[in-house]
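Engineer: One-letter residues, chain by chain:
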Amino acid sequence: MEIYINGMACISHHNTIDENYFFEDIGSVPLSNQLTATEPNYKDHIPANLIRRMSHIVKMGVSTGMMSLKSAGIEKVDAIVTGTGMGCCEDTDKFLRTLLDNDERFLTPTSFIQSTHNTVAGQIALQIKCHGYNFTYVHQNLSFEYALLDAMMLLKEEEASTVLVGAVDEITPSMFELFYRGGHIKKLEELQPIWNSTTKGYLVGEGAGFFNISANITPSTYAKIKGVKCIQGITDSSELENIVNFFLLEIGLKKDQISLVLSGNSGDVVTDNKISEFNKAINQPIAYFKHLCGEYFTSSTFALWLAANIIKRQTVPLAIFPNHEPLSNIQNLLIVNHHEDHQYSLMCVSKC
Amino acid sequence: MDALIDKLKGEIIEQLNLEDLKKEDIDANAPLFGEGLGLDSIDALELIVLLEKNYGIKIQDPKDAKAIFTSIQTMADYIKANQK
Amino acid sequence: MANKVFVTGMGIMSAIGNSVEETLYSLSNNKSGIEKIRYLETSHKDNFVVGEVKLSNTELIERAGIGNYNRTTLLGYLAVKEALKMASITDMKEARTGFISSTTVAGMCHTELLYKGFFEGKNNQNFIDYHLNGVSTNDIAGLFGISDYVTSISTACSSAANAMMLGARLIKNNILDRVIVGGVDPLSKFTLNGFNTLMILDSEWSRPFDENRKGLNLGEGAAFLVLESEKCVKEKNKNILAQLIGYGNANDAFHQTASSAEGYGALLAMQKAFKVAGITPDKIDYINAHGTGTPNNDASEGIAMQTIFGNHVPKFSSTKAFTGHTLAAAAAVEAVISVLAIQNRMIFPCLNRKEQMKDLTITPVDTLEKNVSLDYVMSNSFGFGGNCSSLIFAKN
Numbered sequence: 001m002e003i004y005i006n007g008m009a010c011i012s013h014h015n016t017i018d019e020n021y022f023f024e025d026i027g028s029v030p031l032s033n034q035l036t037a038t039e040p041n042y043k044d045h046i047p048a049n050l051i052r053r054m055s056h057i058v059k060m061g062v063s064t065g066m067m068s069l070k071s072a073g074i075e076k077v078d079a080i081v082t083g084t085g086m087g088c089c090e091d092t093d094k095f096l097r098t099l100l101d102n103d104e105r106f107l108t109p110t111s112f113i114q115s116t117h118n119t120v121a122g123q124i125a126l127q128i129k130c131h132g133y134n135f136t137y138v139h140q141n142l143s144f145e146y147a148l149l150d151a152m153m154l155l156k157e158e159e160a161s162t163v164l165v166g167a168v169d170e171i172t173p174s175m176f177e178l179f180y181r182g183g184h185i186k187k188l189e190e191l192q193p194i195w196n197s198t199t200k201g202y203l204v205g206e207g208a209g210f211f212n213i214s215a216n217i218t219p220s221t222y223a224k225i226k227g228v229k230c231i232q233g234i235t236d237s238s239e240l241e242n243i244v245n246f247f248l249l250e251i252g253l254k255k256d257q258i259s260l261v262l263s264g265n266s267g268d269v270v271t272d273n274k275i276s277e278f279n280k281a282i283n284q285p286i287a288y289f290k291h292l293c294g295e296y297f298t299s300s301t302f303a304l305w306l307a308a309n310i311i312k313r314q315t316v317p318l319a320i321f322p323n324h325e326p327l328s329n330i331q332n333l334l335i336v337n338h339h340e341d342h343q344y345s346l347m348c349v350s351k352c
Numbered sequence: 001m002d003a004l005i006d007k008l009k010g011e012i013i014e015q016l017n018l019e020d021l022k023k024e025d026i027d028a029n030a031p032l033f034g035e036g037l038g039l040d041s042i043d044a045l046e047l048i049v050l051l052e053k054n055y056g057i058k059i060q061d062p063k064d065a066k067a068i069f070t071s072i073q074t075m076a077d078y079i080k081a082n083q084k
Numbered sequence: 001m002a003n004k005v006f007v008t009g010m011g012i013m014s015a016i017g018n019s020v021e022e023t024l025y026s027l028s029n030n031k032s033g034i035e036k037i038r039y040l041e042t043s044h045k046d047n048f049v050v051g052e053v054k055l056s057n058t059e060l061i062e063r064a065g066i067g068n069y070n071r072t073t074l075l076g077y078l079a080v081k082e083a084l085k086m087a088s089i090t091d092m093k094e095a096r097t098g099f100i101s102s103t104t105v106a107g108m109c110h111t112e113l114l115y116k117g118f119f120e121g122k123n124n125q126n127f128i129d130y131h132l133n134g135v136s137t138n139d140i141a142g143l144f145g146i147s148d149y150v151t152s153i154s155t156a157c158s159s160a161a162n163a164m165m166l167g168a169r170l171i172k173n174n175i176l177d178r179v180i181v182g183g184v185d186p187l188s189k190f191t192l193n194g195f196n197t198l199m200i201l202d203s204e205w206s207r208p209f210d211e212n213r214k215g216l217n218l219g220e221g222a223a224f225l226v227l228e229s230e231k232c233v234k235e236k237n238k239n240i241l242a243q244l245i246g247y248g249n250a251n252d253a254f255h256q257t258a259s260s261a262e263g264y265g266a267l268l269a270m271q272k273a274f275k276v277a278g279i280t281p282d283k284i285d286y287i288n289a290h291g292t293g294t295p296n297n298d299a300s301e302g303i304a305m306q307t308i309f310g311n312h313v314p315k316f317s318s319t320k321a322f323t324g325h326t327l328a329a330a331a332a333v334e335a336v337i338s339v340l341a342i343q344n345r346m347i348f349p350c351l352n353r354k355e356q357m358k359d360l361t362i363t364p365v366d367t368l369e370k371n372v373s374l375d376y377v378m379s380n381s382f383g384f385g386g387n388c389s390s391l392i393f394a395k396n
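Residue numbers (this note's numbering), protein chains in the order written: chain A, 1 to 352; chain B, 1 to 84; chain C, 1 to 396.
With the rest of the complex left out, here is chain A (with noise of 0.2 Å):
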């Protein structure tokens, strides 16, 4: 069975919300060791009654599967999967802190309701009376992609012929201080191209990114996705080019049909020590984009969007791909993605 990417949208650090937008006025160093997102008119999106108790993360998760629903032109879909890493870290944040602050008393109910994980599915189902299949996935940087597996496996077991995948992460200001005084997020004054760091530490981001699949293609189609693949840790990049090798066997290609890898590079030297490695024994074109989004633990959902994007329109943005002769007829793309060398995934997206 074939499965499509029939509409998505994406909110990032840049103007991703803008369906005409292409990373078209950036350069490729990074700007900041912090790359908050880019954020749309949100009541363009969710009814003002929904949006008054909604924090960040809720109001960039569900206004993005609204847009993702809007791209792919349906009001409805039969089942809604949603994965996030961290989950609603302001709500955790606002009601943890008033209660330790007030050895437990005035507490209110709003900031606990939403600091549940599946808070963001919930209000997608609640906005658009989505009665159908509803599950979130919490597995740190896999779990966008187990979301997306079991979005596929609906699709093949008939339960669902469309459905809404997505993830969300926001970074709070104290989830920052804790990952900045843990030594995982880069240091100011060591920014360095991700591709070609010598300096510890990535740089943070946030976003959203939804997808409308289906096993039918659609005028609004993008891309179709062949393959999918969570990969708990590896000992070495030989393991990894192993699966990876693997992986493509089992979805039919050959490395040399592969247009283009889009690599999980963090700009961290040491946990980008493996996929570096990898990413020279493919010997394919590479490109990077958390320079673009940052590192969060459903990153690849901005990779995602950006691979279907590259697919449909076969242009591959500058920012993303510095000093190459522009790429002609891009077919595969295959994503590497890892979170300081844990939990690697594996995603490949091809034109229709």
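These are computed hints drawn from the structure, not numbers from a lab.
Just so it is clear, CB atoms sit at the ideal spot from N, CA and C, and this is done for glycine as well.
Take the hints with a grain of salt, since some may be wrong.
Said to hold, decoys possible - DSS-like cross-link-like pairs, simulated, lysine-lysine; straight-line CA separation at most 27 Å: (1) A:K274 x C:K93; (2) C:K116 x B:K53; (3) A:K200 x C:K122; (4) C:K214 x B:K58; (5) C:K315 x C:K354; (6) C:K231 x A:K229; (7) C:K4 x A:K229; (8) B:K22 x B:K80; (9) C:K315 x C:K283; (10) B:K66 x C:K358; (11) C:K283 x A:K224; (12) C:K4 x A:K156; (13) C:K275 x A:K156; (14) A:K254 x A:K229; (15) C:K358 x B:K63; (16) C:K234 x C:K395; (17) B:K58 x C:K45; (18) C:K36 x B:K58; (19) B:K63 x B:K80; (20) C:K189 x B:K53; (21) B:K22 x A:K43; (22) A:K156 x A:K312; (23) A:K229 x C:K172; (24) C:K4 x C:K214; (25) B:K63 x C:K395; (26) A:K200 x A:K274; (27) B:K66 x B:K7; (28) B:K80 x A:K43; (29) C:K275 x A:K76; (30) A:K226 x C:K172; (31) C:K354 x B:K63.
Claimed, not checked - Quick list of simulated restraints, FRET-style, between CB atoms: (32) C:K275 x A:K129: 46 to 56 Å; (33) A:T199 x C:G145: 33 to 43 Å; (34) B:K84 x C:G117: 33 to 43 Å; (35) A:G183 x B:Q60: 43 to 53 Å; (36) C:E62 x A:H324: 56 to 66 Å.
Fit chains B and C to the given chain A structure using the hints.
Structural biologist: Below, chains B and C without anything else, positioned relative to chain A:
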């Protein structure tokens, strides 16, 4: 009394994130729930905490809340009657 | 999709016991685990009764013998260990093996102790390494050497039902041969206070399906089941505990926390489960209800049962007055109880119930019933965000 009603309006707008509303948009006698402001059960819980935190009044049974929160006027009356 | 799914192992840690055997003993002796707060550090110590696992963190660390993990991982590890032992599984590489865990608060029990100090600069402990939902899943999978398929899900109080449903689908789709599924949630100040803000905690023992019910008692725990394919079971001549034949997941799409008055999401989840199981509602012998003891849940769930079963609602009870509401783990705790009911021909009672609910015509089982033949048992679980799930187990 008018000062209390004015204060309550501000506190409710803030607590319930009714950011599109101004104090003068709210009629003190209009129903808070259903029609009128269109608040729901979660808002009622928020208002219970507001009374406790800002006025030192504790509502033990959520069932009592319904009458107290009929309108801003009834809330103000309740605060007047119960504030120590 | 003809592949059958069998339950071959179970493990449980809850307020009513630290093993399946202890759980059965408590259930068949009307022994509730709801008591005054003993271990959780909270200023509500005297305000609420809860269902704590009757072991301190130190005792759990000693019992597990795997090092200084937090309560979440320790509870989960111990339940998984028992389940694997019961299923006689030692070699994870002999078949495609998965692990699906679910949790709502994950490492919050640990985070809330360190959070304030960290941001005030008093400590530098990076609790985030234990806080996130995937962490305990990865730790437990790693300790047992499971790597073919490892994931974490969170759909509030229906989480573990969805873990079981996903596991069954992965076996039916021939992606896995066997999978350990379930959930874990530790008690935390975060959840205790959270439910308190919603004013749905009963300060006394909860009374599911009673006219005067005031709310739920929180619990904690972990429960995991081993699901195996027909091929696995036949090859190894496994002892079968039950079959997981039906599952349904639907969304109420009514309100962020409250259930609709007619229980539409619950109704849909049950209907889907019947469809997957290929049986009609009249086959069900017993329902382990979600039955939290909140005014809203029990009314809504009861109405949904009356709608789907008409005048023939099967025997039903909620066992949450034994265990407390264990949130993400609840559906797995109740799956273990459902399988125990089938195996031991017993229906465990709805404790503390006195007065018939006026909204309902149906009455739960409120005293232990023995020697009842249970061929098909349904277990319901619902959660915030409108998430509703229903499972059907069959005696083999």
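Engineer: Hints numbered earlier in the text: which of these fail when held up against the supplied structure?
Structural biologist: Structure breaks hints 11, 24, 25, 28 and 32.
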